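Participant: Each chain, letter by letter, is given below.
There are 2 protein chains.
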Amino acid sequence: MDIVSENRSFGGVQGVYTHDSNTCGCEMTFAVYLPPQAEEGPVPVLWYLSGLTCTHENAMTKAGLQEHAAMHGLAVVFPDTSPRGEGVANDEAYDVGQGAGFYVNATRSPWRPHYRMYDYILNELRDVVTAEFKVDGRHGITGHSMGGHGALTLAMRNPDQFDSVSAFAPIGNPTKSDWGRKQFSAYLGDDEASWADHDATMLLEDKGWKGDILVDQGGADQFLDLLRPDALAEMLARRRQAGTFRMQKGYDHSYFFVNSFAGDHVAWHADRLY
Amino acid sequence: MDIVSENRSFGGVQGVYTHDSNTCGCEMTFAVYLPPQAEEGPVPVLWYLSGLTCTHENAMTKAGLQEHAAMHGLAVVFPDTSPRGEGVANDEAYDVGQGAGFYVNATRSPWRPHYRMYDYILNELRDVVTAEFKVDGRHGITGHSMGGHGALTLAMRNPDQFDSVSAFAPIGNPTKSDWGRKQFSAYLGDDEASWADHDATMLLEDKGWKGDILVDQGGADQFLDLLRPDALAEMLARRRQAGTFRMQKGYDHSYFFVNSFAGDHVAWHADRLY
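Going down the list, the sequences are from chains A and B. Counting in the working numbering, the first sequence runs from -13 upward without gaps. Counting in the working numbering, the second sequence runs from -13 upward without gaps.
These are calculated hints, taken from the structure and not from any lab test. One thing to keep in mind: the hints can contain errors.
Repeated chains share a single entry, so a pair holds when one copy, or any two copies, can fit it.
[What the hints assert, rightly or not] Computed list of lysine to aspartate or glutamate pairs in DMTMM-like fashion (alpha-carbon distance at most 20 Å, straight line):
#  : residue 1 : residue 2
1  : Lys235    : Glu25
2  : Lys120    : Glu178
3  : Lys193    : Asp81
4  : Lys48     : Glu118
5  : Lys48     : Asp216
6  : Lys235    : Glu72
7  : Lys48     : Asp(-12)
8  : Lys120    : Asp211
9  : Lys235    : Asp177
10 : Lys235    : Glu(-8)
11 : Lys162    : Glu72
12 : Lys235    : Glu43
13 : Lys196    : Glu118
14 : Lys162    : Glu43
15 : Lys162    : Asp198
16 : Lys48     : Asp250
17 : Lys235    : Asp216
18 : Lys235    : Glu26
19 : Lys168    : Asp198
20 : Lys193    : Glu13
21 : Lys48     : Asp113
22 : Lys196    : Asp6
23 : Lys193    : Asp211
Since this is a predicted model, take the numbers as computed values, not measurements.
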């Protein structure tokens, strides 16, 4: 692992790092915020998964998570959203290929060799972060848009590895959306049965979540028809899943929405991880 | 004035606007954060002046000021750092020309026609903001680096227009620094007597400030020799100027430093404006 940069932030350290990923078969960049409490001993981890077109950097600079993580004593990990590099398949569209990994393990050409963000986040990067930073085994996960989809699906499929989950404007029902069908078809093939493991609404119906779930959604979000929060909220209620779905009047899909509620989400995770 | 964008943020509105500036002779872009309290009636204004290479956008997205402004009921204005456009003089260097207005009124060619950021901020943009937004006559000013220099010099020269002042890692003594001598020579000419009005340390000695001043400086700032905080701090003490100078161990010159202390600065201004 190489250090790209480290900056003091709210008494802790905001770092950016690279490492050679076996899972993705390329160099990967990620960021970690370590709060001041990590100087005393290992702290719990909050994973933040970003949305389409994002890198490790968007949330690191714009979500305002560090202030709250420092207050509550959580590390925050900001992974990239896909493999990258010259040898990595790509597409001219913003919503397939680099910057759009969708947190799945691709099984179809040309994506299969590198597009393994599901395993990468769940296993390899978790091992790297655990080995290199003062963190412990308590992990929560959140994310925005495509990253909210990733957070919900990774958590529900792996309740032994996560203790808390939340999401900002997640893609809630991707098997019924152009943010989902297009990508699952490319990465996983046309057998829609293989898509169900990556649809938060379907996972909620099938498995649910051991704890409670927090979802914030902006009421003025310009992508409501693609995100399908109505399907997710309906399933939350129908399944009697413990949780909170908040429709936040006037907020859109931007980081001005995410950072407005970043404090609530960090506190939510801290309550459940400590 | 035209609206470029408006996003809900912490219960208020973060907007970006353009207008035709008579002072600068070009279209200018600026951002305004209006807190939720502005719905009830006019609120005080905090000006945030940015540093070299910045636009209205850097602090708006990375400084984390909105959360604190919403808590305390302050509007925040984020001006650009220079005139811009095809007809506006420029230089290949990052520290002269577009993105580097230094908050002076240029008197020398080729800068004189457009580079009038001192008058622009102090008069024209203040009038626009006062006319277009629910703000009142209570104004505070802060800024980072070149913008910290701007905040300190505008405030000390215009105590009737500002009620509070602070700065993040300001260029504290530009007449003795390559961040200052080069630009003042270009914009104002070689008569160094004309530079004194734009040097915070010299203004502190000559005029001082009617209230108290807050300055934060990162101890690991990579530009300490250009910023000269030692000269500013020494003059603060020598003049017995009411104020607080904080050397913040481990922090560098980045927005990770600025946003770590944004809450303190907003609270400082709110205490003095309300």
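Participant: All the hints need checking, so say for each whether the structure fits it.
Facilitator: Here's how the hints hold up against the structure:
1. Lys235 with Glu25: between (40 Å within a copy, 15 Å between copies)
2. Lys120 with Glu178: Intra 41 Å, inter 53 Å, cutoff 20 Å: neither.
3. Lys193 with Asp81: neither (28 Å within a copy, 57 Å between copies)
4. Lys48 with Glu118: neither (25 Å within a copy, 27 Å between copies)
5. Lys48 with Asp216: The answer is neither: 27 Å in one copy and 32 Å across copies each exceed 20 Å.
6. Lys235 with Glu72: neither (42 Å within a copy, 40 Å between copies)
7. Lys48 with Asp(-12): For Lys48 and Asp(-12), the Cα distance exceeds 20 Å both inside one copy (24 Å) and across copies (25 Å).
8. Lys120 with Asp211: neither (41 Å within a copy, 34 Å between copies)
9. Lys235 with Asp177: Neither: 38 Å inside a chain and 57 Å across chains, both beyond 20 Å.
10. Lys235 with Glu(-8): Only across copies: Lys235 and Glu(-8) sit 14 Å apart there, 37 Å inside one copy, limit 20 Å.
11. Lys162 with Glu72: Neither: 32 Å inside a copy, 47 Å across copies.
12. Lys235 with Glu43: neither (27 Å within a copy, 25 Å between copies)
13. Lys196 with Glu118: Neither, since 29 Å and 51 Å both go past 20 Å.
14. Lys162 with Glu43: Close neither inside one copy (29 Å) nor across copies (36 Å); limit 20 Å.
15. Lys162 with Asp198: neither (24 Å within a copy, 59 Å between copies)
16. Lys48 with Asp250: both (16 Å within a copy, 19 Å between copies)
17. Lys235 with Asp216: within (15 Å within a copy, 48 Å between copies)
18. Lys235 with Glu26: This pair counts as between: shortest inter-copy Cα distance 18 Å, intra-copy 41 Å.
19. Lys168 with Asp198: neither (30 Å within a copy, 59 Å between copies)
20. Lys193 with Glu13: neither (34 Å within a copy, 56 Å between copies)
21. Lys48 with Asp113: Answer is neither: 26 Å inside a copy and 30 Å across each miss the 20 Å cutoff.
22. Lys196 with Asp6: Neither way: Lys196 and Asp6 sit 34 Å apart in one copy and 57 Å across, limit 20 Å.
23. Lys193 with Asp211: Neither way: Lys193 and Asp211 sit 25 Å apart in one copy and 59 Å across, limit 20 Å.
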